[in-house]
Amino acid sequence: MTTVPSAMREAVDAAKARVAALHNELPRWELVVWTAGNVSERVPGIDGHPDLLVIKPSGVSYDDLTPEEIVVCDLEGELIEGSRSPSSDTAAHAYVYRHMPHVGGVVHTHSTYATAWAARGEEIPCVLTMMGDEFGGPIPVGPFAIIGDDSIGRGIVATLQDHRSPAVLMQNHGPFTIGKDAKSAVKAAVLLEEVARTVHISRQLGDPLPIPQDAIDSLYNRYQNVYGQH
Numbered sequence: 542m543t544t545v546p547s548a549m550r551e552a553v554d555a556a557k558a559r560v561a562a563l564h565n566e567l568p569r570w571e572l573v574v575w576t577a578g579n580v581s582e583r584v585p586g587i588d589g590h591p592d593l594l595v596i597k598p599s600g601v602s603y604d605d606l607t608p609e610e611i612v613v614c615d616l617e618g619e620l621i622e623g624s625r626s627p628s629s630d631t632a633a634h635a636y637v638y639r640h641m642p643h644v645g646g647v648v649h650t651h652s653t654y655a656t657a658w659a660a661r662g663e664e665i666p667c668v669l670t671m672m673g674d675e676f677g678g679p680i681p682v683g684p685f686a687i688i689g690d691d692s693i694g695r696g697i698v699a700t701l702q703d704h705r706s707p708a709v710l711m712q713n714h715g716p717f718t719i720g721k722d723a724k725s726a727v728k729a730a731v732l733l734e735e736v737a738r739t740v741h742i743s744r745q746l747g748d749p750l751p752i753p754q755d756a757i758d759s760l761y762n763r764y765q766n767v768y769g770q771h
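Counting in our numbering, the sequence shown tops out at residue 771, every number present.
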């Protein structure tokens with residue numbers, strides 16, 4: 542088994558600590574049950590070494606997840622460091638990193654409301670200003686794909702590569718989110734579940750009012766480029 546290059550040791554260890562901590566956010570926001578769901582982060586290559594990724598090991602309880610338990614893989618999904626098998630979604634994460642160089646973090650959950658939309662194969666319409674801010678439009682649906690190889694990753698990339706949304710609802714499966722780093726992808730997962738729940742409740746009351754595209758564009762530009770501290 543290949544080992545982590547010494548030049549990347551510090552960066553890999555820092556990423557493992559971040560990803561272990563970020564996994565606590567998933568049950569905190571009620572996005573996962575039992576051991577379902579995972580967070581990964583890209584570790585950019587140093588001194589000519591290729592990029593790596595760190596990810597949760599398969600089937601490990603969130604209560605038992607420490608930085609030492611986080612495993613390291615190359616961008617083909619092959620284990621580089623760790624005593625446990627990587628997440629069953631590792632191939633999907635690795636495919637995203639290989640084909641979307643700007644992505645630094647990937648999150649998968651089975652959060653209830655977002656997964657309910659995925660089960661129906663229906664995109665979530667952009668009827669909330671929060672959606673315009675974070676997602677820049679509706680939440681798209683990706684194709685049905687089976688876990689185990691890079692089929693899910695191919696579906697994520699095909700759906701999101703020309704889309705502003707950092708979230709995709711993989712049909713009959715659940716949501717995946719991407720971001721510039723793992724924290725951004727976790728944030729997108731949290732906001733995705735919130736808007737999925739709110740739009741669902743709104744539809745129980747009647748037909749949600751669509752937001753005009755020019756207003757969506759304005760909301761997205763403000764939130765991405767002006768909102769917050771810089």
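None of these hints come from the bench; they were simulated from the model.
Virtual Cβ for every residue (Gly too), placed ideally from N, Cα, C.
The reader is advised that the hints may include incorrect statements.
[Said to hold, decoys possible] Each pair of labels, with its calculated beta carbon distance range: (1) G689 with T543: 40 to 46 Å; (2) A558 with D588: 38 to 44 Å; (3) N565 with R661: 15 to 21 Å; (4) D615 with A558: 43 to 49 Å; (5) Q745 with S624: 46 to 52 Å; (6) F685 with P585: 16 to 22 Å; (7) R705 with I742: 39 to 45 Å.
[What the hints assert, rightly or not] Below are the DMTMM-like pairs computed for lysine to aspartate or glutamate, each with C-alpha atoms no more than 25 Å apart in a straight line: (8) K728 with D588; (9) K721 with E571; (10) K724 with D604; (11) K724 with D674; (12) K728 with D592; (13) K721 with E566; (14) K728 with E566; (15) K724 with E566; (16) K724 with D605; (17) K724 with E735.
Verification of the hints:
1. Our hint of 40 to 46 Å for G689 and T543 is violated, since their Cβ atoms are close to 23 Å apart.
2. With their beta carbons about 22 Å apart, A558 and D588 fall outside the hinted range of 38 to 44 Å.
3. Taken as a hint, the range 15 to 21 Å is violated for the pair N565 and R661, whose Cβ atoms sit roughly 30 Å apart.
4. At roughly 20 Å, the beta carbons of D615 and A558 sit outside the given window of 43 to 49 Å.
5. At about 48 Å, the CB distance of Q745 to S624 agrees with the hint of 46 to 52 Å.
6. Hint check: F685 to P585, Cβ distance near 33 Å, so the stated range 16 to 22 Å is violated.
7. Distance hint for R705 and I742: a CB-CB separation of about 25 Å, inconsistent with the stated range 39 to 45 Å.
8. Taking the CA atoms of K728 and D588, the gap is near 31 Å; set against the 25 Å cutoff, the hint is violated.
9. In summary, the hint linking K721 to E571 is supported, as the alpha carbons are separated by about 23 Å, within the 25 Å threshold.
10. The straight-line distance between the Cα atoms of K724 and D604 is roughly 19 Å, inside the 25 Å bound, and the hint therefore holds.
11. Restraint check for K724 and D674: the C-alpha separation of about 17 Å stays at or below 25 Å, so the hint holds.
12. With a CA separation close to 23 Å, the supplied pair K728 and D592 stays within the 25 Å bound.
13. Taking the CA atoms of K721 and E566, the gap is about 17 Å. The hint holds against a cut of 25 Å.
14. In summary, the hint linking K728 to E566 is supported, as the alpha carbons are separated by about 9 Å, within the 25 Å threshold.
15. At most 25 Å may separate the alpha-carbon atoms for a hinted pair to count; K724 and E566 meet this at roughly 10 Å.
16. For a cut-off of 25 Å, the pair hint linking K724 to D605 stands: about 20 Å separates their Cα positions.
17. The suggested pairing of K724 with E735 holds, with an alpha-carbon distance near 17 Å, which does not exceed 25 Å.
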